[in-house]
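Chains as they are written, first to last, in the numbering used here: chain A, -17 to 339; chain B, -17 to 339; chain C, -17 to 339; chain D, -17 to 339.
Because the hints were derived from the structure by calculation, they are not lab data.
Don't be surprised by glycine CBs; every beta carbon is placed ideally from N, CA and C.
Among the clues, some could well be false.
[Unchecked claim] With a cut-off of at most 25 Å between alpha-carbon atoms, the simulated SDA-like pairs for lysine to any residue come out as follows:
(1) D:Lys54 / C:Ser142
(2) A:Lys318 / D:Leu149
(3) A:Lys288 / C:Thr87
(4) C:Lys54 / D:Ile(-5)
(5) B:Lys202 / C:Glu1
(6) C:Lys54 / C:Glu1
(7) A:Lys81 / B:Met42
(8) C:Lys288 / A:Glu151
(9) B:Lys81 / D:Gly282
(10) B:Lys(-3) / B:Ala43
(11) C:Lys206 / C:Glu33
(12) C:Lys18 / C:Glu59
(13) A:Lys288 / C:Lys81
(14) C:Lys81 / D:Leu149
(15) A:Lys206 / A:Ala126
(16) A:Lys202 / D:Gln38
(17) C:Lys18 / D:Pro47
(18) C:Lys18 / C:Thr87
(19) A:Lys155 / A:Gly165
(20) C:Lys(-3) / D:Gln31
(21) D:Lys288 / B:Met42
(22) B:Lys251 / B:Glu268
(23) C:Lys251 / B:Glu152
(24) D:Lys54 / C:Ile(-5)
(25) C:Lys318 / B:Gly282
(26) C:Lys54 / C:Lys81
[Claimed, not checked] Example chain C residues on the side facing chain D (calculated, C-beta under 7 Å, incomplete):
(27) Leu0
(28) Glu1
(29) Met2
(30) Leu3
(31) Leu5
(32) Leu37
(33) Leu40
(34) Met42
(35) Glu51
(36) Glu59
(37) Phe61
(38) Ala63
(39) Arg86
Protein chains: 4
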Amino acid sequence: MSEDRVQELRAQIDKINLEMLDLLNARARIVSEIGKIHTQMGVSHYDPQREGQMLQALEMANRGPFSNETIKALFREIFRASLALEESQARAKMRVQRKSPEDRTEIALPDGTRVGDGSFQVIAGACAVESFEQMDEVGAALAARGVKMMRGMAYKPRTSPYEFQGLGEEGLKIARQVADKYGMFVVSEIMDQSQIPMFMDYVDIFWVGARNMQNSFLLKAVGKVNRPVILKRGLSATLEEFLYSAEYIASSGNPNIILIERGIRTFEKWTRNTLDIGGVAVLKVESHLPIVVDISHSAGRRDIAKPLARVARASGADGLMVEVHPNPPVAMSDAKQQLTIPEFNALMDEIQRPELA
Amino acid sequence: MSEDRVQELRAQIDKINLEMLDLLNARARIVSEIGKIHTQMGVSHYDPQREGQMLQALEMANRGPFSNETIKALFREIFRASLALEESQARAKMRVQRKSPEDRTEIALPDGTRVGDGSFQVIAGACAVESFEQMDEVGAALAARGVKMMRGMAYKPRTSPYEFQGLGEEGLKIARQVADKYGMFVVSEIMDQSQIPMFMDYVDIFWVGARNMQNSFLLKAVGKVNRPVILKRGLSATLEEFLYSAEYIASSGNPNIILIERGIRTFEKWTRNTLDIGGVAVLKVESHLPIVVDISHSAGRRDIAKPLARVARASGADGLMVEVHPNPPVAMSDAKQQLTIPEFNALMDEIQRPELA
Amino acid sequence: MSEDRVQELRAQIDKINLEMLDLLNARARIVSEIGKIHTQMGVSHYDPQREGQMLQALEMANRGPFSNETIKALFREIFRASLALEESQARAKMRVQRKSPEDRTEIALPDGTRVGDGSFQVIAGACAVESFEQMDEVGAALAARGVKMMRGMAYKPRTSPYEFQGLGEEGLKIARQVADKYGMFVVSEIMDQSQIPMFMDYVDIFWVGARNMQNSFLLKAVGKVNRPVILKRGLSATLEEFLYSAEYIASSGNPNIILIERGIRTFEKWTRNTLDIGGVAVLKVESHLPIVVDISHSAGRRDIAKPLARVARASGADGLMVEVHPNPPVAMSDAKQQLTIPEFNALMDEIQRPELA
Amino acid sequence: MSEDRVQELRAQIDKINLEMLDLLNARARIVSEIGKIHTQMGVSHYDPQREGQMLQALEMANRGPFSNETIKALFREIFRASLALEESQARAKMRVQRKSPEDRTEIALPDGTRVGDGSFQVIAGACAVESFEQMDEVGAALAARGVKMMRGMAYKPRTSPYEFQGLGEEGLKIARQVADKYGMFVVSEIMDQSQIPMFMDYVDIFWVGARNMQNSFLLKAVGKVNRPVILKRGLSATLEEFLYSAEYIASSGNPNIILIERGIRTFEKWTRNTLDIGGVAVLKVESHLPIVVDISHSAGRRDIAKPLARVARASGADGLMVEVHPNPPVAMSDAKQQLTIPEFNALMDEIQRPELA
C-alpha cells in the first residue's frame, strides 16, 4: 500500500522534472539572446547586480519547504549553467583543450623530428652550461643515442642571488656551437621578455621555467615567437592553472607548446618533489598538447631514474627530460640528480627496449 | 532599443524563475512525503537507481540548448538539495555543529574549572612522564601558575617501534600522584580501547592523539566514557574530517569534547608543522566545542612560543597546550620544543597580562 | 706565486685531514668499548647529559676562528656518527630494510600464488561487500581473469559516523562464500585488534587501512597473526614513517607484509589524491617488501585507470589494487572510481599484453 | 669496576676531543688564508674537485671502525663548516638577515607614516580598481579610519587569460587621483620590469605579487627603484626562499622592503589558503624587515576577518592587508573575501581597541 503511494508520488515527480526541464531550456534560450545583444553592445555577460536582484525576488517569493539558502544555491547553479553554456562555446574555443580523442598537437622540428606524434622523445643535457668542454662531452654522448633536443641553459633561476646564475649569452653561444656540431636543437630557459631578441639568435626551443609559469607578460611574449615553447608546471600549480598558463601562450598566437611535469611540492623528504604521474595521465585526457616528464627534478636522486623513465613512457607521455653531466659531483648545480654519461646510456637502453615500442 | 529588448527578455526570465521556484518547492514536498514512507518502511532515503532512471528520462526528453551533461548536473543538484533538506534536519541533529552564536559547550572539571566559558585555559606539562622527580618539578611549577590540566603521558605513539614508548601504567601512577599533590587533573593519551578500564583509575581527561583521529573504534569507545575527551587534529586532516571525528564521540554519548589544533603537514621546513590559525577561527564559527591551540607541536621550536601564545589567545581559542620540561635537552622526546620552567613562567606572564583579559 | 702558496697550504690541510681521521677512528673505538660496557650494565647508550658536558668543555677551550656554534655542530655530528656506528648494527637488524639487491620478501599463498617474486599480481573487487549477488557477480569476473586476491571489505572506515559502515560479520561471511566458490583469497580490512579472532574465521589476508597506519596497537597485534598483512600508506605519511609502521608488524613477528601506495594528500583537485610513483620506486630501493599500487583511491576517477595500471607495472611494483563493481553509480561508496566489469576486463587486457611480461 | 673503566675511557675521549678541536681550528685558519688568495685571484671558493680528491685520500687511508661513508659524511660536514665560516661573513653581509634583536628596518613614507617601527599599519582597498566611483567610495572610508596605504591595483595577475586583467594605466590614474584627494599613498602591483617608468608616475609603493616572487629580473629591477617594495610570499614558497627573494631586491640596492604573508597552499578546503602565522613569527626572528599579514587571501572568506586581524596583531606583525569593496558581490574579482565598508569599520574598531596598543 505504501509502495503504491510511493509509485504515485514518483509519477508526480517525473512530471515536475519534465516541466522544469522545459523551463530551464526556455530560460537558457532567453539568456542566450540577451548574451548576443550584450556582445553587440560590448557589455560583459556576467552581471552580478542583476543576479542579486533575481535572487532577492526569489527569496521574497519563497514559501518553503526549501530554505532561502537552498533556493539561492540552486538558482546560482542555474545562473552558472547559463553562463557556462555561453562559456562552453568560449571553452570550445579554449585552444589547449582537447576536443576529441584524435585531437593532438604535433610539434615538428626543422629536421623532421616530431613531438606529440606518438613517439617518445628525450630532452637531455647538463643542468647548466658550464664550459665548452663540458657541453661538448655531453653533446657527443647525446647525439650518439639519437637525442635531438639538448639542454643549453645559460640563465639559471636560483633561489639565492649569490648562487651561480648561469654563463649568460656566453653560455648560449657554447650551446649553439655544440648543438650545431652534433646536429641537435638548443632548448634554453628564458626568464624575461627582454631576452627574446637575443634568444632568437641562439635558441631553437624556448623554455619557460616553473618559477615563471604564471608570469603572464613572459607567457604572452613567447606566445608571439614562432618557435616551440616548453612550459614547466609551477612548484605548486594545479593542473587547471597549468593549462591556463599554456592558454596564455596559445591565445597570443603560438600553438607549439610542450608541457612538462616536474613534480610538485609536498611534505615527502626522500624525493626532492613528488612526481604527479596521475596528473600526466589527466593532462593527456584534458589537453591535446604534448607532455614530457622531467625525471630529474621530480626525483632529485639518480638512483630511481630508470624506473621513472619506464613510468614516464608507460603513462602515455610524449617524452622525458633528464639531466646528464660528465662529472655530476663537481657540477655547479643539481649535483645529486644529474646522470653520468654511462648512467645516461643505461637509461637509454632501458627505454629503447624494442618491446616497449 | 536593444536595452528595451533586454528588459523584455529579463521580464520573461523573472517569470520563469518564479515558476521554477514553485516547481522546486512542490517537488520537495513530494520527496519529503516519500522520505517519511521510506523511514516507516526502514528503507534508505538515498536511491541511486531511481536517480539513474530520472536522469535517463530527462536526457531522452532534452531538446537543448542545454546539453545533456548540463541538465544532468543541474538535476543532480536538485536531487542533492532534496536529500539535503532531509539531512538538514539530520544536520540540525549533528551534535558538534554550532546552531547559533550563543551555542557553546562548556566543560566543567570537578573543582569548578571550566573550559569553553570564555576563559583561556592552559594545559601543560612534560611531553612524556619520565620519572617522579621530573613530574614533581614540573608539577610544582605548573601549580604555582594556576594550571589545572597537567600532561601525564605514559603511552607515547612513536614513529619507530624502537623509540621510547612511554612508562605505561607506572607512568600513569606517577602522574596521578603528582596531580593529587598539587591539586591538578591528569590529561593522558589513550591509544587503544582496551586501555579504558586502566585509564579510569588514573586519568581525568582522556586524550586521543593525531594518529588516532580516525580510529573510529577508539572514538566510539571514549564516547561511552563519562570523562572529558581532548581530540587532536590529524596531521593532514581537513577541518571537516576533524569535526566528523568529534561527531563519532558525541554521537556515542559523550558531549564533553575539546578540540586541539596542532599544526598540519606542509612543505615548510623552518617550523615542524604549520599552525592553522585560520582553521581555529573557522572551527569557532562551525562548532560549539571548545578549541585549544598546541603551540609546541605546531612550531617544533621554542623561540616562537610567546608570539604563538598571544596568537592563540587572539584567535578566540579557549586555551593553549604547551610542553614544559625541567631540562629539555635531555628529554626523551621533543627536546627542541619543550620549554624550560623559566621559559614557561615568562610565557604565563605574557598571556596573563591583565589588558588581554 | 700565490698558486704555490695555495699548494703549500693544501699540503698542510691534507696532513691535518689524516690526523683527524686517526683521531676520529680512535674515538670511535673507545665509544664502542663504552657501549659494550653499557649494554652489559643495561644502560642506554645515548647519554645527553654526558654530551652536554663534552660540548661545554669544547666551548670553553675554543679559541676560534670557528665559532662555538660551529664547533658544537661539528661535534654533535661526530657524536651522532658514533651512535650511528652502533645503530648501523641495529639498522642492519631493521627487518624491513633491504640489505642487498637480491633481498626480497616473497609471500606465498596456500595455492602457490606468490607476491613479490617478480610477478605482477592484481588485488581487485568491490569497494565494500553490499550483497551476495553483487559479490558473486564481481567474483566470477575476477576469477575469469585469474585474480587470486579478492577485496571482501565488511568494515568501512568512514569520515562520518552517519555513512555506511559496512555489513560487518555478515559481509565477511559473504566474502568467504564467494571466494571459496571461485577459488580466491579474501582480503579484508581490520580496524581494531579486538576483531582478530573473528577475522581468523573468514579472512586470508589482513588489510590495515590508511587511517590506521600509525595505530601501533593494531600493528603489533597483526604482527602476531600468521597471515599476510597488507599495510596501506597514510594520507600524509612520509615513506620513512610508512616503513617504520611496517617495522612494527615485522618486529612483532610477522614478516609477510605487503605495502600499498594509495596516493598522498596534496592541493591538486583534478585527482582525489596524488599517486606517489617516485615513492614506489624509492621503496623498492629501501625495502625488500613487496609493494602494490592502488590505482583507484590514488586517482579517484576511472578514466585514467589504464595509464595508471601501465605506470604501476612499469614502476617495478609487484602488483596493483583496483576497485570493481557491477554497477558503480549505485555503489554505496566510491562510486566515481570503481570500474565496471567490462572496464576491468579492458584493464586486464592492457596489463596482460605479452610484451610487458 | 666497569664504572671506573668507563671513567677512564671517557677521559681519553675528552683528550681526543680537544686535539680535534685544535686541528679543526688550525684547518679553518688555513682554509681562510686560501680563501683570501682565491678572492684576489677571482676564483670561486667552492672547489668540488679538490674536495673529491681529499675525500678519496681519506677513503684510502681509512682503516675503520668508521665506514668510508661515515668518514666522508663527517669530512663533508667539516668542509661545509669551513665554507660556512667564509659565508658567515657573507651571511653577516646578507642584507635581510636580522643581526641583533634591536635590528629593524623602518620604512618612512613622505608624510611621516612609518612601517616597522612597532606601530600596526593597515593597507586596504579594493581588490582591483574598477571605476572612479568605486575607488572614491572606498578611499573616503579608508581615509576616515586613518589608513595611509591604499590598494590601487590596475594590473591583475589572473589564472586565465580570459579573466578581467585590470584597467591598466587608466586604473593607475584613478588610484592616483583618489589617493591624492584623501592624502593616501598608492600601493600597486607591478608585473614586468618594462612597467617601471609608467609606475614611477602614479605609484608610491611597488607591490610584487605571489606569482612573481621568484621572477628575479623583476626583483632586481625593483631593487633599483627608490620607492618601497612590498614582496608577497609565493603560494608554496618556503620562508627561506621568501627571504632570498627579498635579498634579490636588497642586494640590488633597495633596502625598503615589506614582506607580506598571504597563506600557503595546502589540502584544506574550508579556507582558500592556510595562513602561516608561525611563519610570521619565525620571520620576525630571522629578518629585520617589516612583515604584514594579508587576512583576505589567506582566508578567502570574510567571516573570520576579525579573529585573523587580532591574530595578525598578536603575532608581532607590523600590519595587515585587507580588501574592502563598496559592494563585494558585484566585484570583478575576489567577491567572497572583500569586506563591505561597514565590515571594514567594525574590523578597525576591533584592532584599534586601546588595550591592544
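Each hint, compared with the structure:
1. At roughly 52 Å between alpha-carbon atoms, Lys54 (chain D) and Ser142 (chain C) are farther apart than 25 Å, so this suggested pair is violated.
2. Between Lys318 (chain A) and Leu149 (chain D), the direct Cα distance comes to roughly 46 Å. Violation of the 25 Å bound is thereby established for this hinted pair.
3. Restraint check for Lys288 (chain A) and Thr87 (chain C): satisfied, since their Cα atoms lie roughly 22 Å apart, inside the 25 Å limit.
4. About 16 Å separates the Cα atoms of Lys54 (chain C) and Ile(-5) (chain D), which keeps this hinted pair within 25 Å; it holds.
5. Distance check on the hinted pair: Lys202 (chain B) and Glu1 (chain C) sit about 63 Å apart at the alpha-carbon level, beyond 25 Å; violated.
6. Pair hint Lys54 (chain C) plus Glu1 (chain C) holds up; C-alpha atoms about 20 Å apart against a cutoff of 25 Å.
7. Only pairs whose Cα atoms come within 25 Å are accepted, and Lys81 (chain A) paired with Met42 (chain B) is accepted, the gap being roughly 24 Å.
8. A threshold of 25 Å between alpha carbons decides the hint, and for Lys288 (chain C) with Glu151 (chain A) the separation of about 45 Å lies outside it, so the pair is violated.
9. Between Lys81 (chain B) and Gly282 (chain D), the direct Cα distance comes to roughly 23 Å. Compliance with the 25 Å bound is thereby established for this hinted pair.
10. This hinted pair checks out: Lys(-3) (chain B) and Ala43 (chain B) have alpha carbons roughly 23 Å apart, not beyond 25 Å.
11. Note on Lys206 (chain C) and Glu33 (chain C): the hinted pairing is violated, with a Cα-Cα distance of about 39 Å set against a maximum of 25 Å.
12. With a CA separation close to 21 Å, the supplied pair Lys18 (chain C) and Glu59 (chain C) stays within the 25 Å bound.
13. Restraint check: the Cα-Cα separation between Lys288 (chain A) and Lys81 (chain C) comes to about 20 Å, which is no more than 25 Å; the hinted pair holds.
14. Under the criterion of a C-alpha separation no larger than 25 Å, the hint pairing Lys81 (chain C) with Leu149 (chain D) is inconsistent with the structure, at around 64 Å.
15. Restraint check: the Cα-Cα separation between Lys206 (chain A) and Ala126 (chain A) comes to about 34 Å, which exceeds 25 Å; the hinted pair is violated.
16. With a CA separation close to 51 Å, the supplied pair Lys202 (chain A) and Gln38 (chain D) exceeds the 25 Å bound.
17. Restraint check: the Cα-Cα separation between Lys18 (chain C) and Pro47 (chain D) comes to about 15 Å, which is no more than 25 Å; the hinted pair holds.
18. As the CA atoms of Lys18 (chain C) and Thr87 (chain C) are separated by approximately 32 Å, the hinted pair breaks the 25 Å bound.
19. For the proposed pair Lys155 (chain A) and Gly165 (chain A), the alpha carbon gap of about 15 Å is at most 25 Å, so the pair holds.
20. Our distance criterion of 25 Å between C-alpha atoms is met by Lys(-3) (chain C) and Gln31 (chain D), whose separation comes to about 18 Å.
21. The straight-line distance between the Cα atoms of Lys288 (chain D) and Met42 (chain B) is roughly 51 Å, outside the 25 Å bound, and the hint therefore fails.
22. Of the pairs offered as hints, the one joining Lys251 (chain B) and Glu268 (chain B) is violated, with about 30 Å between alpha carbons and a cut-off of 25 Å exceeded.
23. At roughly 48 Å between alpha-carbon atoms, Lys251 (chain C) and Glu152 (chain B) are farther apart than 25 Å, so this suggested pair is violated.
24. Only pairs whose Cα atoms come within 25 Å are accepted, and Lys54 (chain D) paired with Ile(-5) (chain C) is accepted, the gap being roughly 16 Å.
25. Distance check on the hinted pair: Lys318 (chain C) and Gly282 (chain B) sit about 39 Å apart at the alpha-carbon level, beyond 25 Å; violated.
26. Under the criterion of a C-alpha separation no larger than 25 Å, the hint pairing Lys54 (chain C) with Lys81 (chain C) is inconsistent with the structure, at around 33 Å.
27. The interface hint given for Leu0 (chain C) holds, since its Cβ lies 6 Å from the closest Cβ of chain D, which is under the 7 Å cut-off.
28. Annotation: interface hint on Glu1 (chain C) holds; nearest CB of chain D at approximately 6 Å, less than 7 Å.
29. The criterion of a C-beta within 7 Å of any C-beta in chain D is met by Met2 (chain C), whose closest approach is roughly 5 Å, and the hint holds.
30. For the restraint placing Leu3 (chain C) at the interface with chain D, the shortest Cβ-Cβ distance is roughly 6 Å, inside the 7 Å limit, so the hint holds.
31. Taken as an interface hint, Leu5 (chain C) checks out: its beta carbon lies about 5 Å from the nearest beta carbon of chain D, inside 7 Å.
32. Taken as an interface hint, Leu37 (chain C) does not check out: its beta carbon lies about 9 Å from the nearest beta carbon of chain D, beyond 7 Å.
33. At a threshold of 7 Å, the smallest CB-CB gap from Leu40 (chain C) to chain D is about 6 Å, leaving the interface hint in force.
34. Because the smallest distance between the Cβ of Met42 (chain C) and any Cβ of chain D comes to about 10 Å, over 7 Å, the interface hint for this residue is violated.
35. Checking Glu51 (chain C) against chain D: minimum C-beta separation of about 9 Å lies over 7 Å; hint violated.
36. Nearest Cβ of chain D to the Cβ of Glu59 (chain C): about 5 Å, under the 7 Å cut. The hint holds.
37. With its C-beta approaching chain D no nearer than about 10 Å, Phe61 (chain C) sits outside the 7 Å limit, and its interface hint is violated.
38. Nearest Cβ of chain D to the Cβ of Ala63 (chain C): about 5 Å, under the 7 Å cut. The hint holds.
39. With its C-beta approaching chain D no nearer than about 24 Å, Arg86 (chain C) sits outside the 7 Å limit, and its interface hint is violated.
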